[in-house]
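Colleague: For reference, the chains in residue letters:
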Amino acid sequence: MSLFTDPRWAEALGHLPDYLGNHVRVSVTALALGLLVSLPLAILSRHRPVMRGALLGLASIVQTVPGLALLALFYPLLLALAALSLSWFGFGFSAFGFLPAVLALALYSMLPVLRNTITGLQGVEPAILEAAQGVGMTPRQSLFTVELPLALPVMMAGIRTAAVWVIGTATLSTPIGQTSLGNYIFAGLQTQNWVFVLFGCLAAAVLALLVDQLLALIESGLRNRSRLRATLGGVGIAALVAATLVPTMMRAQTSYIVGAKTFTEQYVLSALIAQRLKAAGLAASSREGLGSNVIFEALASNDIDVYVDYSGTLWLNQFHRNDIRPRQELLAELKTVLAKQNITLLGELGFENAYALVMPRKRAEQLGIRTIADLASRAASMSIAGDYEFFSRPEWTALRKTYGLSFRAQRQMQPDFMYAAVASGEVDVIAGYTSDGLIAKYDLVTLGDVRRAIPPYDAMVLLAPKRANDEALRKALAPLLGKIDIATMREANLRAAGNDATSSPDAVAQWLWEKIGKK
Amino acid sequence: MPTTPLIAYAHVGKTFDAGRVVAVDDVSLEVAEGEFLAIVGGSGSGKTTLLRLANRLIEADSGSITVEGEEVRNVDTILLRRRIGYVFQSGGLFPHLTVADNIGITPKLLGTAPAEISARVDELLDLVRLDRAQYRDRLPHELSGGQRQRVGVARALAARPRIVLMDEPFGALDPLTRDALGDDFRELHKNLGLTTVMITHDMMEAILLADRIAVMRGGRLLAQGTPAELSTSGDAYVGELLRTPRRQAERLGALLPRDGAA
Chain A
92 MSLFTDPRWA
102 EALGHLPDYL
112 GNHVRVSVTA
122 LALGLLVSLP
132 LAILSRHRPV
142 MRGALLGLAS
152 IVQTVPGLAL
162 LALFYPLLLA
172 LAALSLSWFG
182 FGFSAFGFLP
192 AVLALALYSM
202 LPVLRNTITG
212 LQGVEPAILE
222 AAQGVGMTPR
232 QSLFTVELPL
242 ALPVMMAGIR
252 TAAVWVIGTA
262 TLSTPIGQTS
272 LGNYIFAGLQ
282 TQNWVFVLFG
292 CLAAAVLALL
302 VDQLLALIES
312 GLRNRSRLRA
322 TLGGVGIAAL
332 VAATLVPTMM
342 RAQTSYIVGA
352 KTFTEQYVLS
362 ALIAQRLKAA
372 GLAASSREGL
382 GSNVIFEALA
392 SNDIDVYVDY
402 SGTLWLNQFH
412 RNDIRPRQEL
422 LAELKTVLAK
432 QNITLLGELG
442 FENAYALVMP
452 RKRAEQLGIR
462 TIADLASRAA
472 SMSIAGDYEF
482 FSRPEWTALR
492 KTYGLSFRAQ
502 RQMQPDFMYA
512 AVASGEVDVI
522 AGYTSDGLIA
532 KYDLVTLGDV
542 RRAIPPYDAM
552 VLLAPKRAND
562 EALRKALAPL
572 LGKIDIATMR
582 EANLRAAGND
592 ATSSPDAVAQ
602 WLWEKIGKK
Chain B
537 MPTTPLIAYA
547 HVGKTFDAGR
557 VVAVDDVSLE
567 VAEGEFLAIV
577 GGSGSGKTTL
587 LRLANRLIEA
597 DSGSITVEGE
607 EVRNVDTILL
617 RRRIGYVFQS
627 GGLFPHLTVA
637 DNIGITPKLL
647 GTAPAEISAR
657 VDELLDLVRL
667 DRAQYRDRLP
677 HELSGGQRQR
687 VGVARALAAR
697 PRIVLMDEPF
707 GALDPLTRDA
717 LGDDFRELHK
727 NLGLTTVMIT
737 HDMMEAILLA
747 DRIAVMRGGR
757 LLAQGTPAEL
767 STSGDAYVGE
777 LLRTPRRQAE
787 RLGALLPRDG
797 AA
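Going line by line, the protein sequences match chains A and B. With the first sequence counted from 1, adding 91 to any position gets you the numbering used here. With the second sequence counted from 1, adding 536 to any position gets you the numbering used here.
Rather than coming from a laboratory, the hints here were simulated on the basis of the structure. Mixed in with the good hints there might be a few duds.
To be verified - Each pair of labels, with its calculated beta carbon distance range: (1) A:R316 with B:G770: 36 to 42 Å; (2) B:P631 with A:G325: 46 to 52 Å; (3) A:S346 with B:D673: 24 to 30 Å; (4) B:A655 with A:N315: 25 to 31 Å; (5) B:P631 with A:V156: 37 to 43 Å; (6) B:D662 with A:G214: 17 to 23 Å; (7) B:A649 with A:V156: 28 to 34 Å; (8) A:P131 with B:G599: 50 to 56 Å; (9) B:Y773 with A:R316: 23 to 29 Å; (10) A:P167 with B:P631: 46 to 52 Å; (11) B:D597 with A:S151: 38 to 44 Å; (12) B:R556 with A:A174: 55 to 61 Å; (13) B:G549 with A:S317: 48 to 54 Å; (14) A:G144 with B:G599: 50 to 56 Å.
Stated by the list, open to error - To spell it out: a stretch of chain A is covered by chain B in this simulated footprint if at least three of its residues, at any positions, have a beta carbon under 8 Å from a beta carbon of chain B; those stretches are: (15) 207-221; (16) 237-248; (17) 472-482.
What the hints assert, rightly or not - Which residues of chain B face chain A? A partial, calculated answer using Cβ under 8 Å: (18) F552; (19) I614; (20) R618; (21) G628; (22) H632; (23) I641; (24) L645; (25) I653; (26) R691.
Idealized CB from N, CA, C, for every residue including glycine.
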């Protein structure tokens with residue numbers, strides 16, 4: 092199968108109207124908001140050096156915050172604001188997806204616009220400004236007939252830079268629940284679907300270039316007083332904006348939204364849930380690549396309807412409990428705590444996806460290591476790798492405390508690369524996931540947690556408050572509960588980690604259903 | 537001489553940098569209607585500041601300035617500037633506007649109808665001897681220095697002001713252009729009945745164009761009067777300013793045969 096006949100291109104193309112429309116909508120709104128704020132601020136500050144310095148300083152600081160972090164920061168901020176607004180004014184708003192993405196991206200767009208507008212206005216020769224005064228212009232007339240037209244090329248360069256930045260950075264709004272071209276990239280990275288990654292990058296690049304060229308056309312039209320060019324550019328931008336309305340019109344209001352976090356298993360499970368809903372005649376769409384903390388809040392505030400989480404994750408992260416309880420006791424307790432937030436724990440799927448320390452089987456046998464307790468004595472000369480959150484998670488603290496673990500070095504890695512790294516000896520131990528298919532593929536072994544430092548991580552289906560009494564939904568998902576054992580999930584994950592057409596989450600979910608449906 | 541001067545400075549003072557630089561120091565000066573006054577002085581003499589005080593591009597610290605009988609402090613600055621023509625040092629044309637738009641700017645600000653402005657622009661192009669068809673739609677960077685300055689003069693005259701202020705208008709031009717432009721403007725001044733105040737550092741130019749000359753140095757007005765009156769001034773600097781062009785003229789006379797123009 093050649094690169095171009097790969098059916099995943101067609102699949103990627105199928106998502107394009109939705110992803111591209113949302114991407115354009117969030118980018119254009121953010122850019123418009125950014126301009127609406129930055130341009131007047133830049134104009135106001137042109138004769139005020141202190142304000143100018145403060146503005147540029149602030150905008151530069153914002154720019155140093157990585158895009159992903161900036162987007163992620165807006166989510167809890169808006170969540171708090173929404174709660175305040177609800178208790179003070181009696182109405183809340185969704186802190187999920189569009190709003191935080193627009194605000195963060197607008198903030199991100201401000202530096203180039205501010206800096207270039209200020210630079211452009213300052214670059215107007217004093218003699219020209221004097222002449223404007225001398226012929227009897229008011230400060231306002233001088234601004235609009237002389238200063239802004241003369242500063243226009245520099246200003247437009249800033250606006251174009253901002254547009255390209257915003258369109259590029261908007262791909263990072265996927266984890267906070269805003270559908271964008273980033274959905275291709277996040278999903279592709281997680282499921283090793285390089286066709287998706289490539290498609291997402293290309294689409295974002297083409298969009299950025301297109302908008303940049305349309306803005307250039309408007310600029311040259313304004314500068315050369317060519318109404319045709321300015322109009323063409325304007326019509327192009329307007330057409331893009333019109334295209335953004337397509338996904339809004341296409342989305343049925345009654346559709347169930349299935350959430351997925353940022354790893355392969357979640358993509359497969361959300362595809363499985365969506366397939367079951369559709370099979371039951373319910374409209375369903377998925378919102379993938381959501382951050383671990385974002386997804387729970389999104390469910391609690393009804394922004395998504397259903398997703399799969401893990402008991403230990405909720406226990407430690409969401410409810411900040413650090414006592415380790417026996418499995419059934421913990422599940423019962425979780426059910427009560429969730430019920431307080433009107434979230435329904437529909438049931439467990441039948442497998443656990445816990446953190447586990449993982450080593451190559453041969454090496455473990457050589458060294459006589461079978462449990463984490465065995466590892467402790469040798470850890471001082473070994474290195475460990477974990478995903479981006481592992482080393483700041485309570486499990487790591489618990490492991491170190493319980494077993495007295497102390498490694499020579501620790502590294503953070505993209506989860507999918509960890510297994511290859513430990514198999515090749517690049518690192519000695521990794522903090523892997525028990526349900527990961529790569530454990531079998533690379534002939535790795537999980538070390539026993541004999542002292543129970545890590546809580547149980549049962550995969551379980553959660554329903555949003557508004558779906559608490561939704562019988563159709565419960566009925567559609569009931570056949571999944573208790574049916575997926577660890578071996579089946581590992582195999583599904585391994586299939587999904589492949590790099591061909593049969594490894595798309597949809598295809599794997601299909602396979603998974605056929606397998607468990609027979610049981 | 538008419539009884540009321542069109543522009544009158546009385547004990548005017550202006551300092552910059554919180555009083556550290558004295559630009560204009562207790563200057564009293566009157567310009568009669570229809571008069572062509574040249575203010576002569578070196579750089580830093582305060583001559584440009586003095587000129588700009590009249591249309592409030594710079595605000596005076598002390599003393600009083602009246603234009604057409606009104607204290608300028610009490611007149612709206614924008615309206616004041618629109619009724620006084622101002623020619624800038626190197627034209628001061630707006631680089632993004634055509635010749636016609638540059639010339640028509642003040643009438644446009646005053647709300648004159650576009651057709652009327654257009655007719656006025658043509659009239660002014662004739663007046664400053666620029667071909668209508670050829671120059672109307674050009675941008676300033678497509679003009680020579682002399683042409684730019686002609687457009688600058690046309691722009692200053694567009695709203696039919698009675699007063700024209702000129703800030704070293706011909707300083708950056710080559711001698712031939714400068715001479716032609718000076719003569720042309722002198723004629724406009726006479727035909728249109730203007731009252732003109734021109735700044736220059738060149739005493740020769742002042743003598744050839746102006747009715748009266750005011751000499752400034754270090755912010756102070758040293759002397760004023762017709763060239764003949766100035767020559768009787770006891771001030772050494774004024775004497776030196778007047779002697780230089782004469783000495784140059786005499787040397788030229790000696791070096792160039794009288795009818796030997798090539």
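Colleague: Are the hints correct? Go through all of them and say.
Modeller: Against the structure, the hints:
Separation of A:R316 from B:G770 is about 60 Å and departs from the stated range, judged on CB atoms against 36 to 42 Å. Taking 46 to 52 Å as the suggested C-beta distance range, the pair B:P631 and A:G325 does not conform, at roughly 25 Å. Taking the beta carbon of each, A:S346 and B:D673 are about 59 Å apart, not inside 24 to 30 Å as hinted. At about 27 Å, the beta-carbon gap between B:A655 and A:N315 stays in the expected band of 25 to 31 Å.
Taking the beta carbon of each, B:P631 and A:V156 are about 40 Å apart, inside 37 to 43 Å as hinted. Checked against the hint of 17 to 23 Å, the pair B:D662 and A:G214 fails, with Cβ atoms roughly 36 Å apart. Checking the proposed 28 to 34 Å range against B:A649 and A:V156 shows it is violated: the Cβ atoms sit about 55 Å from each other. For A:P131 paired with B:G599, a C-beta distance near 40 Å fails the hint of 50 to 56 Å.
For B:Y773 and A:R316, the Cβ-Cβ distance of about 52 Å falls outside the hinted range of 23 to 29 Å, so the restraint is violated. For A:P167 and B:P631, the hinted distance range of 46 to 52 Å is satisfied, since their beta carbons lie about 50 Å from each other. B:D597 and A:S151 have their C-beta atoms about 40 Å apart, which keeps the hinted 38 to 44 Å range intact. In this structure, B:R556 and A:A174 meet the distance hint of 55 to 61 Å, their C-beta atoms being roughly 59 Å apart.
For B:G549 and A:S317, the hinted distance range of 48 to 54 Å is satisfied, since their beta carbons lie about 52 Å from each other. Checked against the given bound of 50 to 56 Å, the beta carbons of A:G144 and B:G599, roughly 38 Å apart, lie outside it. Evaluation of the coverage hint for the region 207-221 of chain A: fulfilled, as 3 residues show C-beta separations to chain B shorter than 8 Å, against a requirement of three. For a cut-off of 8 Å, the count of residues in the region 237-248 of chain A with a CB near a CB of chain B stands at 3, and the three-residue condition holds.
Counting residues of the region 472-482 of chain A whose beta carbon lies closer than 8 Å to any beta carbon of chain B gives 0, which falls below the threshold of three, so the coverage claim is violated. Against a cut-off of 8 Å between C-beta atoms, the interface hint on B:F552 is violated, since the closest Cβ of chain A lies about 15 Å away. With a least beta-carbon distance of about 5 Å to chain A, the hint placing B:I614 at the interface is held under the 8 Å criterion. Checking B:R618 against chain A: minimum C-beta separation of about 3 Å stays under 8 Å; hint holds.
Hint status for B:G628 relative to chain A: holds, with the closest Cβ pair at about 3 Å, below 8 Å. Hint status for B:H632: holds, given a least beta-carbon distance of 5 Å to chain A, under 8 Å. Satisfaction of the interface hint for B:I641 is found here, the shortest Cβ-Cβ separation to chain A being roughly 5 Å, below the 8 Å cut-off. A least Cβ separation of about 6 Å between B:L645 and chain A falls short of the 8 Å threshold, and the interface hint therefore holds.
A hinted interface residue such as B:I653 counts as satisfied when its beta carbon comes closer than 8 Å to some beta carbon of chain A; here the least separation is about 13 Å, so the hint is violated. Evaluation of the B:R691 hint against chain A yields a held restraint, the C-beta minimum of about 7 Å falling below 8 Å.
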